[in-house]
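Peer 1: Now for the letters of each chain:
Number of protein chains: 2
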Amino acid sequence: MEVTFLGTGAGMPSKLRNVSSIALDLRAINRSIWLFDCGEGTQHQILKTTIKPGRIEKIFITHLHGDHIYGLLGLLSSRSFQDGHSPVEIYGPAGLQTFIETSFKISHTHLQYPLDFFTVNDNDVYIFDGLKVRVKKLTHGIDSFGYQVIENDQLGELQVDKLKSRGISPGPMYQTIKSQHVTTLENGETVKREDVIGPDKPGRIVTILGDTKQPTQFVDFVKNSDLLIAEATFASDLPSLAEQFFHSTITETTQLARLANVKQLCLTHISQRYTAKDQLDLEQEAKAQFTNTQIAIDLLTLNVVKP
Amino acid sequence: MEVTFLGTGAGMPSKLRNVSSIALDLRAINRSIWLFDCGEGTQHQILKTTIKPGRIEKIFITHLHGDHIYGLLGLLSSRSFQDGHSPVEIYGPAGLQTFIETSFKISHTHLQYPLDFFTVNDNDVYIFDGLKVRVKKLTHGIDSFGYQVIENDQLGELQVDKLKSRGISPGPMYQTIKSQHVTTLENGETVKREDVIGPDKPGRIVTILGDTKQPTQFVDFVKNSDLLIAEATFASDLPSLAEQFFHSTITETTQLARLANVKQLCLTHISQRYTAKDQLDLEQEAKAQFTNTQIAIDLLTLNVVKP
Ligand SMILES: [Zn+2]
Ligand SMILES: [Zn+2]
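Top to bottom, those sequences are chains A and B. Quick note on numbering: my numbering labels position 234 of the first sequence as 234, and the sequence is numbered without any gaps. Quick note on numbering: my numbering labels position 78 of the second sequence as 78, and the sequence is numbered without any gaps.
What the hints contain is simulated information worked out from the structure, not anything from laboratory work. Please note that a few of the clues may not be correct.
Said to hold, decoys possible - Capping the alpha-carbon separation at 30 Å, the derived lysine-lysine pairs in BS3-like fashion look like this: (1) B:Lys201 - B:Lys178; (2) B:Lys164 - B:Lys192; (3) A:Lys48 - B:Lys15; (4) A:Lys15 - A:Lys287; (5) A:Lys48 - B:Lys277; (6) B:Lys287 - B:Lys223; (7) B:Lys223 - B:Lys201; (8) A:Lys105 - B:Lys277; (9) B:Lys164 - A:Lys48; (10) A:Lys306 - A:Lys15; (11) B:Lys15 - A:Lys15; (12) B:Lys48 - A:Lys48; (13) A:Lys15 - B:Lys48; (14) A:Lys15 - B:Lys164; (15) A:Lys52 - B:Lys277; (16) B:Lys105 - A:Lys15; (17) A:Lys105 - B:Lys178; (18) A:Lys277 - A:Lys137.
Make a model of the complete structure from these sequences and hints.
Peer 2: Below you can see the structure in the form of structure tokens.
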């Protein structure tokens with residue numbers, strides 16, 4: 001489970017940061033890749049990664065501002081030009097279907113695969129292969145949503161002492177016992193997995209919030225995330241700009257992370273007023289407020305691990 | 001009068017070539033810049049040039065395929081975020097207004113400047129400050145157009161021998177005489193410009209064709225262009241692919257240039273099947289058929305001069 005930031009800038013692209021998109025690599029869990037937001041140039045950024053557009057199976061859109069959706073048209077078209085035949089599901093606020101279908105009609109674009117649209121609402125929960133996704137409505141002037149990806153709980157560890165006390169020595173048989181409910185040994189005895197395995201390990205939780213102001217409203221939703229990705233459009237000294245434009249400051253988002261007992265925080269959707277020279281200052285400012293924090297940059301990849 | 005290729009690839013972006021867009025720099029003539037087509041990522045390419053989006057006053061769209069229009073939404077939005085307050089005129093096939101207005105409505109985009117739409121038709125002529133534009137319908141399966149930019153004729157050269165024979169010595173007075181119809185000299189005599197100036201010099205002609213098959217149909221339209229920019233999606237060995245997909249080969253387009261007495265040819269809209277290693281081969285192939293030819297690459301700038 002890896003996150004790659006395809007675009008980390010707010011509003012419009014700069015040489016330093018493209019507009020918003022995040023890839024969640026689930027190839028180890030269910031062979032797919034999901035996107036969160038898809039600003040213009042997302043397909044160009046993907047060319048710089050190992051992601052094959054044909055592997056992208058779901059796209060979650062946080063809100064309909066142009067810097068979060070204008071890349072959908074080209075990405076979906078190019079996916080069709082290339083190897084893409086499997087369906088794509090698009091989740092987001094109402095309006096996406098009209099945007100895409102109107103644009104494709106006018107541009108005479110005919111995809112080689114089906115598109116399915118899902119209009120999300122506050123507190124929705126979607127169950128998928130190996131994961132579920134929770135939806136939370138944020139505060140951004142227009143409908144904006146956060147998505148929380150929760151990996152299914154994982155099997156616990158084999159209790160080696162119990163196995164050994166039954167005379168089963170370490171070896172390939174351990175993997176077999178772990179992989180099925182009941183295993184018959186060579187001597188005819190049966191081993192029930194539930195008797196020799198520890199408690200389930202909770203799955204990883206990744207929360208990706210769309211644009212919002214006053215993020216500390218969402219402590220309950222974010223609680224115990226292993227990775228929180230959230231906007232911090234402005235540095236801590238510009239709370240009134242953040243309030244005015246329905247955005248967050250570094251202070252506000254690190255406070256959310258602290259209150260919600262987040263393990264790792266990555267801030268994105270950085271105002272284009274900040275240049276490459278400001279990156280270090282922003283990161284120092286954020287880390288002083290919440291230690292395990294990064295300011296995302298384009299093409300940064302984070303591996304999501306349970307602490 | 002300069003042309004900058006912002007994207008030179010067909011269908012979808014690659015690392016080598018972005019999708020179609022061409023900037024025509026008319027700052028020396030009327031302080032404006034015009035775009036021809038605007039594929040996704042055009043605004044990103046503009047970041048690598050000296051072009052200010054606020055200077056872009058007219059956008060001509062050859063046809064509505066996605067790789068020629070999907071960059072309009074972001075470019076127009078960012079122009080508004082930045083300094084753009086002057087109106088933008090958009091010329092192209094019917095459908096552009098619906099595409100842009102639907103997308104802007106859904107994304108809650110409100111420009112700070114007016115957009116004016118003009119639906120073009122075969123043989124239209126538009127008269128602008130210092131230039132006119134002729135329109136030609138091409139053959140591409142869907143409506144596709146070529147645009148010919150014709151600079152107004154320029155004043156001829158002052159006839160120095162005539163001026164001298166009237167006792168007027170070279171100096172700043174020559175510029176004054178050229179700049180107005182009648183000049184009164186210090187001695188009270190008057191000089192009519194028409195008596196001391198040579199014949200008008202014809203303005204420059206730049207023809208930009210959209211996607212088309214069988215380009216030699218358009219010899220009359222292209223005739224005597226100082227610069228012809230036209231597609232050659234495929235090399236000369238793939239005429240049946242070109243025919244099938246309503247595109248041109250290098251052979252077909254160089255033949256158009258020859259028949260139309262073009263001074264300079266630049267081929268663009270190159271299939272993404274051709275890699276950086278193929279660039280030299282393609283250019284050699286083209287030059288063997290029409291000497292003054294280039295295969296465009298992204299960010300190539302050509303200065304348009306009268307031979
Ligand atoms: Zn945004
Ligand atoms: Zn094309």
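Peer 1: Please go over all the hints and tell whether each is borne out by the structure.
Peer 2: Quick rundown of the hints versus the structure:
no.	hint	verdict
1	B:Lys201 - B:Lys178	holds, 14 Å
2	B:Lys164 - B:Lys192	holds, 14 Å
3	A:Lys48 - B:Lys15	holds, 8 Å
4	A:Lys15 - A:Lys287	holds, 25 Å
5	A:Lys48 - B:Lys277	holds, 19 Å
6	B:Lys287 - B:Lys223	holds, 19 Å
7	B:Lys223 - B:Lys201	holds, 18 Å
8	A:Lys105 - B:Lys277	violated, 36 Å
9	B:Lys164 - A:Lys48	violated, 66 Å
10	A:Lys306 - A:Lys15	violated, 34 Å
11	B:Lys15 - A:Lys15	holds, 16 Å
12	B:Lys48 - A:Lys48	holds, 18 Å
13	A:Lys15 - B:Lys48	holds, 8 Å
14	A:Lys15 - B:Lys164	violated, 56 Å
15	A:Lys52 - B:Lys277	holds, 23 Å
16	B:Lys105 - A:Lys15	holds, 28 Å
17	A:Lys105 - B:Lys178	violated, 54 Å
18	A:Lys277 - A:Lys137	violated, 34 Å
In summary, the structure is inconsistent with hints 8, 9, 10, 14, 17 and 18 from the numbered list given earlier, while agreeing with the others.
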